[in-house]
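**Student:** Construct all of the structure, not just a fragment, from the sequences and the given hints.
Quick mapping for you: the protein sequence lines, in order, are chains A and B. Going by the working numbering, the letters in the first sequence line up with residues 1 to 113, in that order. Going by the working numbering, the letters in the second sequence line up with residues 1 to 114, in that order.
Hints may contain errors.
In silico DSS-like links for lysine-lysine, alpha-carbon gap of 30 Å or less [stated by the list, open to error]:
id	chain 1	residue 1	chain 2	residue 2
1	A	K71	B	K19
2	A	K42	B	K41
3	B	K41	B	K18
4	B	K19	A	K22
5	A	K68	A	K100
6	B	K52	A	K58
7	A	K100	B	K52
8	A	K42	A	K57
9	B	K18	A	K100
10	B	K41	A	K22
11	A	K57	B	K41
12	A	K68	B	K40
13	A	K71	B	K22
14	A	K100	B	K40
15	B	K36	A	K37
16	A	K68	B	K36
17	B	K18	B	K36
18	B	K22	A	K100
19	B	K19	A	K100
20	A	K68	B	K18
21	A	K100	A	K58
22	B	K40	A	K22
23	B	K41	A	K68
24	A	K58	B	K41
25	B	K52	A	K37
26	A	K22	A	K71
27	B	K36	B	K22
28	A	K22	A	K100
29	A	K37	B	K41
30	A	K58	B	K18
31	B	K52	A	K42
32	A	K68	A	K22
33	A	K37	B	K40
34	A	K71	B	K40
35	A	K42	B	K19
36	A	K22	B	K22
37	A	K42	B	K22
38	B	K36	A	K42
39	B	K18	A	K71
To be clear, the hints were calculated from the coordinates, so they are not data collected in a lab.
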Amino acid sequence: GENVEQHPSTLSVQEGDSAVIKCTYSDSASNYFPWYKQELGKRPQLIIDIRSNVGEKKDQRIAVTLNKTAKHFSLHITETQPEDSAVYFCAAGLIQGAQKLVFGQGTRLTINP
Amino acid sequence: ETGVTQTPRHLVMGMTNKKSLKCEQHLGHNAMYWYKQSAKKPLELMFVYNFKEQTENNSVPSRFSPECPNSSHLFLHLHTLQPEDSALYLCASSQGSTGSYEQYFGPGTRLTVT
Numbered sequence: 001g002e003n004v005e006q007h008p009s010t011l012s013v014q015e016g017d018s019a020v021i022k023c024t025y026s027d028s029a030s031n032y033f034p035w036y037k038q039e040l041g042k043r044p045q046l047i048i049d050i051r052s053n054v055g056e057k058k059d060q061r062i063a064v065t066l067n068k069t070a071k072h073f074s075l076h077i078t079e080t081q082p083e084d085s086a087v088y089f090c091a092a093g094l095i096q097g098a099q100k101l102v103f104g105q106g107t108r109l110t111i112n113p
Numbered sequence: 001e002t003g004v005t006q007t008p009r010h011l012v013m014g015m016t017n018k019k020s021l022k023c024e025q026h027l028g029h030n031a032m033y034w035y036k037q038s039a040k041k042p043l044e045l046m047f048v049y050n051f052k053e054q055t056e057n058n059s060v061p062s063r064f065s066p067e068c069p070n071s072s073h074l075f076l077h078l079h080t081l082q083p084e085d086s087a088l089y090l091c092a093s094s095q096g097s098t099g100s101y102e103q104y105f106g107p108g109t110r111l112t113v114t
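**Tutor:** Here's what the structure looks like:
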């Protein structure tokens with residue numbers, strides 16, 4: 001089955017700097033890669049996703065890149081702000097109606113003012 | 001409010017008790033999910049239902065029994081749990097068809113097994 005590894009487990013950056021979180025996956029059949037953000041005490045929420053037919057997707061300060069050959073994908077946050085502090089989860093899965101997603105272990109991102 | 005509600009929000013139960021968790025979605029979605037979230041592990045998928053039919057059981061012990069009477073409601077029946085089952089149980093829903101694949105999560109039920 002699918003296995004997703006996520007690094008780093010914790011990340012601390014200065015406000016205004018960029019943050020990068022990386023994930024690798026094992027199943028080459030996976031074709032859907034979402035990123036979820038979970039603030040303390042709150043539910044996970046989707047921030048961006050990418051399908052395997054594209055290599056990069058951007059939404060304002062957030063971007064995701066996908067390398068299918070190497071089976072890894074990354075989340076990039078630019079111009080970080082204190083409200084970006086949260087736990088970020090990557091996931092990989094197959095689009096087939098309902099999705100069976102396998103999540104990474106999470107990255108706790110702290111933005112220092 | 002994301003449109004996915006869960007009750008109860010907190011539950012303490014003994015190992016011999018039987019209890020049920022309830023999830024309801026008001027988004028018109030066709031797929032519903034149960035996840036377990038603990039300090040040691042990331043979001044672990046437990047069960048997937050698509051159009052009321054179970055499509056995935058991620059090797060979950062039989063002391064967890066899901067039920068999906070319709071596309072809007074999902075239950076997780078619990079019996080003879082172990083202390084290691086203490087965790088946050090999250091329900092989610094998605095369209096389950098072409099289009100948006102976003103999973104909308106509920107607030108979770110914090111379960112403590114004593």
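**Student:** Need the list of violated hint numbers for this structure, in ascending order.
**Tutor:** When the structure is compared with the hints, numbers 1, 4, 6, 13, 20, 30, 36, 39 turn out to be violated.
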